[in-house]
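So the protein sequences, as listed, match chains A and B.
Each residue of the first sequence is one higher than the one before, counting from 1 in the working numbering.
Each residue of the second sequence is one higher than the one before, counting from 1001 in the working numbering.
Hints listed in this document are in silico derivations from the structure and should not be mistaken for laboratory results.
Take these hints with a grain of salt, some might be off.
Calculated pairs, DSS-like style, for lysine-lysine (alpha carbon to alpha carbon, straight line, at most 27 Å) [stated by the list, open to error]:
(1) B:Lys-1440 <-> A:Lys-434
(2) B:Lys-1440 <-> B:Lys-1397
(3) B:Lys-1337 <-> A:Lys-355
Among chain B residues calculated to face chain A with C-beta under 7 Å, some are [claimed, not checked]:
(4) Gln-1014
(5) Gly-1359
(6) Ala-1362
(7) Met-1364
(8) Lys-1367
(9) Leu-1370
(10) Phe-1373
(11) Asp-1376
(12) Gln-1378
(13) Ala-1383
(14) Glu-1387
(15) Asp-1389
Just so you know, even glycine gets a beta-carbon here, dropped at the ideal spot from N, CA and C.
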Amino acid sequence: MPAVQETVDLARSIDVDQYKYGFVTDIESEKAPKGLDESTVRYISAQKNEPDWMLQWRLDAFRRWQTMEEPTWARVSYPKIDFQDYYYYAAPKQKVAPKSLDEIDPEILATYEKLGIPLREREALLGIQPSSRVAVDAVFDSVSVATTFKAELAKAGVIFCSISEAIREHSDLVRQYLGSVVPVSDNFYATLNTAVFSDGSFVYIPKGVRCPMELSTYFRINERNTGQFERTLIIADEGAYVSYLEGCTAPQRDENQLHAAVVELVALKDAEIKYSTVQNWYPGDKDGKGGIYNFVTKRGDCRGDNSKISWTQVETGSAITWKYPSCILRGDNSQGEFYSIAISNGYQQVDSGTKMIHLGKNTSSRIISKGIAAGRSENTYRGQVTAHRRATNARNFTNCDSLLIGDKCGAHTVPYIEAKTASAVFEHEATTSKISEDQMFYCLQRGLSSEEAVALIVNGFVKDVLQQLPMEFAVEAQKLISVSLEGSVG
Amino acid sequence: MNVQNQIPRTGAEQALLALLDQRSGADDAALAGRMGELRRAARDAFAANGLPHRRVEEWKYTDLRAILRSSAPLAAPLDAAAEAEGQFRAVTFPGARRILFVNGQLSRAHSDLAGLEPGLTVVPLASALAGGQGAVEKLGTLAPQRYDGVLALNTALAEEGLVIRVEAGAQITRPLHVAHVFTLDAPAATFTRRLLDVGADARFTLVESFQGRDGVAYQVNDALELFVADGAHLDHVRIQEDSAEALHFASLMAETGHKTQFHSFALTTGALASRVSLYGRFAGTHAHVGLRGATLVKGRQHADMTLLLDHAVAHCESRELFKTVLADEARGVFQGKIVVRPDAQKTDGRMMSRALLLGETAEMDNKPELEIFADDVQCGHGATAGELDADLLFYLKARGIPAKEAEGLLIQAFVGEAIEFVEEDGLREAIIARAEAWLKARAI
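This is chain B alone, in the form it adopts within the complex (with noise of 0.2 Å):
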């Protein structure tokens, strides 16, 4: 990747090399050992490689260097109107336990951190960097081999986050919600992490957040690192509606063992320009994965889902079905490769990603691939990208419902075979209300 130091950095790229520059200082002094370690080869990598473009192959329809401009200041320390503000804002799931952070930073007045259910542990980054607890051996441990600029910034950058532990047997019931606002009216940058440890054979929901006022053009960088146990069971939800200037990236890594379950929704209506990187692993056998969202934007935004799943391991199944719906001049992206490597034999892989244009100028980039080694496989693809189907259109009109409602009841039904998949009911309800908010939304 020698060719890359040629292209002059951007400006974004400076603004992003000279904050790198200003923190390090602080952070080799304040951290030895691993997570020191961590941080300087993202730095090094950030400080080679810069920000990820249209001429790397995964982020060919996401170009970075066009799309982050310029690169917001870091968030002030947060206040306690800010603190309210976020509270006033944030949803809210009932029967969720939340822990809310405000402007990237955690709002300790308004979270819900005492009473935590038997087996349940939640630490601060912070706090668990400071103390290096044992749970933070694992930070950084899925990241892919290939460099990908946004992790790295966030490696080099997240102090603020969460790191989650469920001691193996633990059946928790109640979701975890951890609910991410911000609320300043000037942009400002932030960058939070999240590490998810299940031990084996618990049982867990995590649900995750993201808003932001309207009208600023704030960024988000966030982080999830995901470990599930043998036989653990885990349940993932994430809800991206940031403002419609924002920009969102997210990197989610996932490593499972044997026989575990686990599944994860995505919901994202927000965000100029979005991109969720999702890393999967499989690391032991018969486990089961599935991998399910629901994309609505409109305007010029752009939303991008990337998945790489690595069947390391035999006999595991992955399923994925991921729904878009791009009004507008919108833009959807979705690429995702299922890896079989040469010893995951009966692996069965199933990857579906369904686009459903309603602007005449909207665009859908579809890349599903397959890297197949071994031979006693059953995997496949399918990708669709069209408008909606104007007999079914007819059908419902010819029965007396209008026009502008029908293609409503079409779109629902569209993504609700995605959305269908989240296991818990007051979610999967919460879920379809807000899909609905959309649709109402962009028919008034």
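Just chain A, with the same shape it has in the complex (with noise of 0.2 Å):
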């Protein structure tokens, strides 16, 4: 390759404006009007042929959240949304509705072949792609279009399927744990969600069942203008294991769209939860222009004595983050832990981290934070750790470290921690700096470009959590990364 084609390739490729994910499928949909009020909660439910319980829900959901104010604390700041300006629910228009994967749409399968997705089972049944053996709910805008390994999963008697499938086949598992770990008014957010949100996953792992394989979410934000509110619920029966894999993109878009998402997780007596997110939606431009804004509320419920959840993120995109996964460790001897690796680039602004309320006896949890922040980006580290009275032999380790690229970033923490007990002993650190120059130096000197440098410390700062994804899932995150950190260096 002649020089200067090399200098024009590289020039382009370190550009930070380069999404991969920012294309646009062109798809006819089906949208409520534009805006919200009772009416668009009655159109959503109604789409979905839900019961009169879920209607009555949604609409009081939606009358609290009139009356409630969007949070300011977070250290993020945006121009004021307004939430009549956005599509509430969009689906991808469907003739009939599909039978099997054949029947979907092919542009919405070639969307998800493009983004890496295989919804077809049968390629991986015949070991083209042996290594996706994960059963996968594809939600697109406001609907889930396809969810694999059905069969397979039911033949174990896990039910895996969509959130509105579920509130219509499984109205009971549905009505006795939907909004027991994120309550209604819990949040401004999380309230809306409840009002209008449009999918999202179910997932039921019966007594002492081991999921056979990984199961997965997809997420895909389309339409312009459109929120996304989905819900997702994870239920581990008695000595039920699952791990759970989410992933999110959005097409590259000027105008910034909303993503409010709940997720549920509730872990019986010696159950385990595993769930694993790669977070990438658009983060806008380089000059900050577009991007989603990313409202989320998960968290875990540890209900059962010995149960144990772990949430492990990968925050790479949107232009705003704003997320607490969180584990209530009610059951004695339960466990919780976070795993986070959280890049902001650009103007993108991070505000996240965990919340560990310690309730039951004998319970621990355990915190492992990397936050890297270039361009002119703002990453928050805000996290809490309470034992209450009772928690006895309470335990948390926290580690929070984070990585500055740059001298136009911001790096924060913000802790709280609250030991209620004498019995509990928690623990925390925190650090800030920089890549060091020895290392540099050391990498630069063994030939490595400084792009290619600054990928490598950063993949060892954040090995930690790396290191607790499921396989597929790291390889990809770790690329993801790299890609994250272009244009950071020189």
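Dock the two chains into a complex; use the hints.
See the structure below:
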């Protein structure tokens, strides 16, 4: 390659403004009228053929939401959101309900193919892509378009379907658990979600079952000006185990799109849930224009004794991230874990962290958070660890490290550590630093470019968290980290 | 902050507003110029915002609307009996020059104001204000931008205190001890304020102590402003042993210049509820600031230590170490925030808060914060909370040391790690002795 061409390519590749998943799928869709009022809520509920209790629940939430004020405590700043300027429901137009994957609009299938999420079980089963034996629930704008491997999962007794389907088919289970971890008026965005959530995934693992494969949901926002409000509910019955993955992308658009999800996890006695997220919503362009506003409420309830919930997240996308996956350690001997990598570049703003609420006896939690700020971004870790009076022998270990790349970005740490019982042992440490000149020199001297050197060092910095991800995800995440940081050096 | 206007005023707030109103006439007449302006602003701010409460982030764990149930009247003017009792009760540090404040008022009779070292001037705040001496110009200049209700009350109401000046280059080895004693048998409120201006390359040691009559729920609102000029070295020790019923609120503001050394140590064992708000600002490069403290509380005491350290310039170093021992149902709060501004490259900041929970229902709330806008920095914080290490206890017991004594030794070692930073031998020994006294009193 001639040197000039090489330079041109290099210059192009290190532009921040390059988001691999920024394409738009050209597909007709059905939308609710723009704006939000009671009729929107009724429209969504009617589209889903929901039972009356569900509609009433939504309406109740909507009324409460109208009295609530947008929270302002997070370290993020953005122009006031006009909640009337969004579409609250958008579904790809489908003449008849698809019976099998073959009937799904090929455009959608192609979209997921492009994103690297094969929805065709056949290929996977034939061993064309042996590594991807992962059951996927694909959510396109407001609706779930396909769920793979359903039959095989059913054999094990596992229910894995869209939440709309679950509300119709497994109404008892949904009614028992929905809203039991994140109450209706928990916070502004969770309440909004309760009123207008359109789809999401539902997982139920019966007693003593170890889910035979990884479950996964892939969220894609396609439509212009839409808000995506998905709701995920995962229940691991006594002694069950499940590992769940979540991925998200959106097209490159100039406007800011809204995403407000609620995820509820319930782990009963001896159950374990592992929830991994790779969040790569469109972060906006290099001038901070566009991007997703990501306001997410994720909470797990270790309801039974000896239960365990583990959150792992890799946050690289979104213009604004407002997300605190939490664990309520209610059962005795229950365990909560939070592993996080949050990378911000360009004009991204991240305010993320976790809450560990120790209620039961002998509960333990572990928090490893790695924040990397580059460009002109702001990256905040906000966490809370609380041991209540009766949470004897509660244990927590927290480690949050921040890495700053460039002098225009900010890294902040805001932990709240509250021990209300003497037998609690809490340890917290946090550091902030930059990549040391020695490390850089060492890499450069061995012939790495500065881009490669930074990627290598950063991968080392986040290694503790990457190890927690399922293998396929870890590889993907590692690539994502290098891509996210492109343009941050030099 | 308009929302707060809708909250009904508490009884204490109404009483304070009435007090502010009553004082405003006299103030406006007596104090023209800068100080009058400051007081007016403080009164207006308090009228608009009231007492800080738990919805105000910095006061999340110390809700003054709940803690300050009623506002005590101002203390009556001093008489000879009170002065004599104050003289008798106040702690002395061997070798230190003592200035005595009784019930928030300067006791000239029992203050050692004669024969000050060359380069040292000590002027009562009231005279300084009346005379408009130069140093008063600096009053209130270190106040934080965000509203602090306790400081606003102090600014509006403090008439007693000192303005201390150390001339450039003066090397004063004899510590200056400002002792505060409360002697009345009925609750009263005191508002005191000191300004210390340490000139370039000077060296000085300031010791402050607070004590009072047991069983009386008096209220202390104290403020201290420190200016440490380029190359100066200041050691500061603060001992708060107010009665177990008293309320103690303190604001400490400090600004350090180029190549300064500033060390501060706080021992807290007194007051039913106490709060120290410390605002530190680095104004010159290559400064070193060390803030340490030991808090030992029991019963239903509540002790809050809140720091805001502003690394506004490059190449500065800060070290914080705070140890909290909580017996019975006591509650400790530590909030420490290190801010590193965009140009404050090469900042090195380390903050550590460790709490020892002795009582089953004791509570520790830690909130160490980092806010960093520069990339070439080394900053870290740590926070721990836990009970006495069972292994260490066992080790000592296995060597024939009775359980209580072993516990005492471990606690002593725990707070000792912070106390050992007090450089002056006499002072350090005195602080260790006071910590030991607390342990003994607890063991009985």
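(request) Answer holds if the nearest beta-carbon of chain A is closer than 7 Å to that of Met-1364 of chain B; otherwise answer violated. (result) Check passed: Cβ of Met-1364 of chain B comes within 5 Å of chain A, closer than 7 Å.
(request) Verify the interface restraint on Gln-1014 of chain B: the C-beta must sit less than 7 Å from at least one C-beta of chain A. (result) violated, 28 Å
(request) Tell me if Gly-1359 of chain B is really an interface residue toward chain A, meaning its C-beta lies closer than 7 Å to one of theirs. (result) Holds, about 6 Å.
(request) Under 7 Å, Cβ to Cβ, is where Leu-1370 of chain B needs to be relative to chain A, so tell me if that hint holds or is violated. (result) Holds - the Cβ of Leu-1370 of chain B comes within 7 Å of chain A, reaching about 4 Å at its closest.
(message) Less than 7 Å between beta-carbons is the criterion; does Gln-1378 of chain B satisfy it with respect to chain A?
(response) Nearest chain A Cβ about 5 Å off; hint holds.
(request) Below or equal to 27 Å on CA atoms is what counts here, so check Lys-1440 of chain B against Lys-1397 of chain B. (result) Answer holds: Lys-1440 of chain B to Lys-1397 of chain B is near 19 Å, not above 27 Å.
(message) Does Asp-1389 of chain B hold up as a contact with chain A if the rule is Cβ-Cβ below 7 Å?
(response) Violated, because the Cβ-Cβ distance from Asp-1389 of chain B to chain A comes to roughly 10 Å (cut-off 7 Å).
(request) Answer holds if the nearest beta-carbon of chain A is closer than 7 Å to that of Ala-1383 of chain B; otherwise answer violated. (result) holds, 4 Å
(message) Glu-1387 of chain B was flagged as interface toward chain A. Is the shortest Cβ-Cβ separation under 7 Å?
(response) Where the cut-off is 7 Å and the nearest Cβ of chain A is about 5 Å from Glu-1387 of chain B, the hint holds.
(message) For a C-alpha distance cap of 27 Å, please report whether Lys-1337 of chain B and Lys-355 of chain A respect it.
(response) holds, 20 Å
(request) Using 7 Å as the Cβ threshold, decide whether Asp-1376 of chain B counts as touching chain A. (result) For Asp-1376 of chain B, the interface hint holds, since the closest Cβ of chain A sits about 6 Å away, which is under 7 Å.
(request) Using Cβ atoms only, decide whether Phe-1373 of chain B comes closer than 7 Å to chain A, and label the hint accordingly. (result) holds, 5 Å
In this structure, the earlier hints numbered 1, 4, 15 are contradicted, and the remaining ones agree with it.
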